[in-house]
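Asks: Assemble chain L onto chain S, guided by the hints.
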Amino acid sequence: MTRSIPSLIIVLSIALSACGFTGVGLPSKSLSSISENPGAAQTRELTVFAAASLTDAFEEIGNAFEAANPGVKVNFNFAGSQILRTQLEQGAAADIYASADHKNMDALIEENLVIANSYQDYTSNGLVVVLPPGNPAKLESLKDLANPDIKLVLADESVPAGKYARQILFNMSQNPEYGKDFETDVLANVVSNETDIRQVVTKVELGEADAGIVYVSDAVAAPELITIPIPVQFNIIAKYPIAILANSSNPGLAGSFIAYLISPAGQAILDKWGFNPIIPK
Amino acid sequence: MNSSSQRVRRTKTGNSPGWVFILPSMLLIGLIGLPILALVWRSANIRIFPFAFTESAVNALKLSLLTSTLCVVVALLTGTPLAYIQAHWSFRGRAFLDVLVDLPIVLPPSVAGIALLMAFGREGLFGNWLSLFGISIPFTTMAVVMAQVFVSAPFFVRSARIGFAAIDPQLDEAAKVEGASSWHVFQHVMLPLASRALITGIILSWTRALGEFGATLLFAGNLEGKTQTMPLAIYVGFEQGLSIALVLSVVLLAVSFVLLVLLRRLELQNQH
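As they're listed, the protein sequences go chains S and L. Everything in the first sequence is counted per the numbering used here, starting at 1 for the first residue and increasing by one. Everything in the second sequence is counted per the numbering used here, starting at 1 for the first residue and increasing by one.
Just chain L, with the same shape it has in the complex:
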């Protein structure tokens, strides 16, 4: 697990074909790096800078931070036990459950949005029933969080599941022989050992939730202060003029960057 200390420091080793690694890497770095560089380059313009501080931009950023944080909390509280069950319990239909939970990762967000509408829309399978109690989910902030959980929680569960599965099951038995309860084992043995995988999962799902667009647009709509997150504000900005979209994109890029750096540090601190 101690990957950083096992990293090979590349030195000049006579006949090593380093370019076999460097050349393909450069291609990928270029494809990812150049558009981001271009985005920052094109928005480095004093005149369009004030667009970042308009009321609607600030509202969108606040809403994005609020909903993505709520989304991660929900993913943690529900996804950790689910991942543990998937990794350590054996039962009929486990393979099916694994595929079901992974499904949103491969589904396009538009499919996620339509599926959510079909289930929780006013005329939907369960929405119909909810409306009897006067509850209507579409067009609410709750709908934004639900869309984000649907598309991003599977990233957390997947990572947590791999983390739990890597723990030797004999450790569990040994602790129980010593008289520890299941909950005690989970809390004091499993959670600390899987913490790095959990943090990786948090990074993946948080950033995915922050970038969620398609499912939100279809299921939650677009209303400033209520359902208009940053990605939606960027899309609407694009319809008003490129400069608004550019500035908002760079703001979202900066926020995601800071979030990634902070969580990566946490991830590295939790190496065993």
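This is chain S alone, in the form it adopts within the complex:
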């Protein structure tokens, strides 16, 4: 054992140096950028906690915002709205919270964790049925979702998208064209309640599921999937709220990010990813 200690130390140090480790809390990148550009203005960082369904759109908006504001770095934390809310309640430091529903945002307003007058709806997102390429279960219309033995994947009821999908099925079963049993028959086909909406997309992309109900924006981000639109009279159009956090270290910068989001440039990117522009209040 004693003889193997030197080689163990070598292996450990190779592993550490390979990942550019320079010490706790001092990433090598920030060290070198400070030493290389002593005259440059200090980088201002903006931390955005955003719902998983916003991933593609916000990443592009983040890049565009960085390009328009030199010296600004936008960091994202994408997860389910409830997970983000819990992280914020437990003291996570961030500047902006972008939830996929009002329930979680309202809770943070109640707890005075966000600046109430910064809160606004800036976009919305409908739902759509997606099928894997090749449509293995040969589904032709929304009615076919009730066919026996098809494998349907939804987001879990605790996830906003899962709640909306169930509301849509309920709305459809109120219509005589689909019939009262439609909701029960479709829910009997559910083989998995995924913990976030991106997992639903993945299960359909892999062909493990015959169908899934996801946001329109998810279907835009996965163009190889076949989509069946859900008519407006049944669909749920979810409004997305955003707000600046009370403990934001840079509320001014956070405000300009939100302003960019509702500007024509920001709305155009959201539109591109399948979100519907809405006129802010």
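Calculated from the structure, these hints are not laboratory results. Treat the numbers as computed from the prediction; the structure is a model and nothing was measured. Using N, Cα and C, we set each Cβ at its ideal position, and we do this for glycine too. Treat the hints loosely; a few may be bogus.
Said to hold, decoys possible - Pairwise CB distance ranges, derived in the manner of DEER restraints: (1) K73(S) with D98(L): 44 to 50 Å; (2) I10(S) with V106(L): 18 to 24 Å; (3) G71(S) with I162(L): 52 to 58 Å; (4) A116(S) with G30(L): 56 to 62 Å; (5) K73(S) with I167(L): 58 to 64 Å; (6) T184(S) with G30(L): 49 to 55 Å; (7) I36(L) with L8(S): 27 to 33 Å; (8) A116(S) with G225(L): 39 to 45 Å; (9) I29(L) with T184(S): 50 to 56 Å; (10) L39(L) with T184(S): 34 to 40 Å; (11) Q87(S) with V73(L): 37 to 43 Å.
What the hints assert, rightly or not - Every beta carbon over 12 Å from chain L, so not counted as near; a handful from chain S, in silico: (12) D56; (13) N193; (14) T195.
Replies: Below, chain L without anything else, positioned relative to chain S:
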């Protein structure tokens, strides 16, 4: 092997630098102990206690116990012969086999889940072929057990292999000279001598299977009563509200604790 009787009882010995051992140990005990203490502390609340007895919580606990037990049985039946081969046979490619079997220990569970989907998913390498017979594994309880075996059986095999390797090969030869068959030697000499290592392996793989999350979520999905094990119920509970997740975590903690204590006793009884 008789480790417990060889343990040194620490007494006041004049200049022994005990703190060299105690201080680093305290750091590690703190890192492990404090979060567990906090978990129990935060959930010690009468109001959230009923969440432990909801139908979905009970279903998840039952499914976790069922699948992890099946997983250990599979690991025992297939892993014991494999470990024996690895420890006592010599053949080409043995080193490669050792690394292959150890690989799931270092792989993140998400990689395990994707690998299982690629192999046994409906569009997977073998799943494609299985579907010709009308067999589809994803989203079934079987998929949960397979995910658990993939990530946890290597812990059993590793421990069993070390146990078998520690047995003097001359013992094997001596028994055969006396006229005992290979199977007889395995059953009456090897198994009893390696029993402690086997039980250690069972502890490691059972508890690992009980805690399996990532591979299950990807390969088996999340459906109450069918694929929603405790770790998945805890994750979903976290999305509904912290208190549900807290209570379920403490239930899983208690079950794991009891399992560990029972198996540890068995482990100590099997010292030679």
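Asks: Any of the earlier hints contradicted here, and which numbers?
Replies: 4, 13 and 14
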